[in-house]
Amino acid sequence: MSIDILSLSISALTPVAIAVVGYFIQRTLAQQNRSWKVQERIADKRVEIYEKIAEDLNKIYCYVMDVGDFRNETPDTIIAAKRTVDRNMYMYQALWPPETFQNFISYMDSAFATFQGVGENAKIRTRTIQKKSALKQSAKQWPKDWDARFTGEQDSDHHMKYQQLIQSISRDLMHSPMVTS
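Numbering follows this note's numbering, in which position 165 of the sequence shown is assigned residue number 175; successive positions increment by one, without gaps.
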C-alpha cells in the first residue's frame, strides 16, 4: 500500500517539478533575451555616435599633426569639430566604458588647452609653422589673430593617445558591453 502511495505521489509531483523547472528556465531565457536586446541597442547607439564624431576626430588629429588634408582646415573649423565631438561624447558618456572615456579625455587634453578663461575658446596644442607654410603655398594670408588660437607646443604623445582612443572605440564597437541583470 505504501509503495502505491509513493508511486502515486511521484506521478503527481513529476509534472509539478517539470513545471517549476520550466518556469525557471523560461525566466532565465527571458532575462538573457532582454540583456541581449539592451546590448544590441547600446552597440547600435555607439556606432551611431562614432559615425557622428569620426570625421571630426580625424580632422583634429590631422590638423594637430600637420598630416592629411590639414591644409583645408582653420582654427575655427577645428574648434567647431572639438565642440561636436565633446557634445556627442559627453552626452552619451554612460554608453562608453570608463577606459574609453578616459582615453577620449586624454586625447582631447593632448589636442587642446582648455579653460582659457570665461568665454574663451580652447587653444589648439600645436605649432603653426607648417600651417602658415601651407597657407602661403596656396597664396592665402595667415590672419594675425590666428596665432592666439595656438599654444605653440605639441604633445609628443599626441599620436599614441589618438591610437589609444581609436583602439578603445574600435574594441567597444566590436564587442557589445556585457549587461548583467
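Incorrect hints may have been included.
Stated by the list, open to error - List time: in silico BS3-like cross-link candidates among lysine-lysine, alpha-carbon distance up to 30 Å:
#	residue 1	residue 2
1	K62	K133
2	K47	K133
3	K154	K133
4	K47	K62
5	K150	K133
6	K171	K133
7	K142	K154
8	K171	K142
9	K171	K55
10	K133	K146
Unchecked claim - Distance ranges between label pairs, derived from CB positions:
#	residue 1	residue 2	range
11	D54	Q140	37 to 45 Å
12	L23	E61	32 to 40 Å
13	D167	Q36	28 to 36 Å
14	R181	Q147	37 to 45 Å
15	W156	P108	16 to 24 Å
16	Y60	Q36	57 to 65 Å
17	T84	A104	47 to 55 Å
18	P108	D54	32 to 40 Å
Hint data in this document are derived by calculation from the structure and do not stem from the laboratory.
Positions of the beta carbon are idealized from the N, C-alpha and C atoms, including for glycine.
Evaluated hints:
| no. | hint | verdict |
| --- | --- | --- |
| 1 | K62 / K133 | holds (23 Å) |
| 2 | K47 / K133 | violated (42 Å) |
| 3 | K154 / K133 | holds (15 Å) |
| 4 | K47 / K62 | holds (23 Å) |
| 5 | K150 / K133 | holds (22 Å) |
| 6 | K171 / K133 | holds (18 Å) |
| 7 | K142 / K154 | holds (11 Å) |
| 8 | K171 / K142 | holds (25 Å) |
| 9 | K171 / K55 | holds (24 Å) |
| 10 | K133 / K146 | holds (22 Å) |
| 11 | D54 / Q140: 37 to 45 Å | holds (39 Å) |
| 12 | L23 / E61: 32 to 40 Å | violated (57 Å) |
| 13 | D167 / Q36: 28 to 36 Å | violated (52 Å) |
| 14 | R181 / Q147: 37 to 45 Å | holds (39 Å) |
| 15 | W156 / P108: 16 to 24 Å | violated (36 Å) |
| 16 | Y60 / Q36: 57 to 65 Å | violated (36 Å) |
| 17 | T84 / A104: 47 to 55 Å | violated (33 Å) |
| 18 | P108 / D54: 32 to 40 Å | violated (21 Å) |
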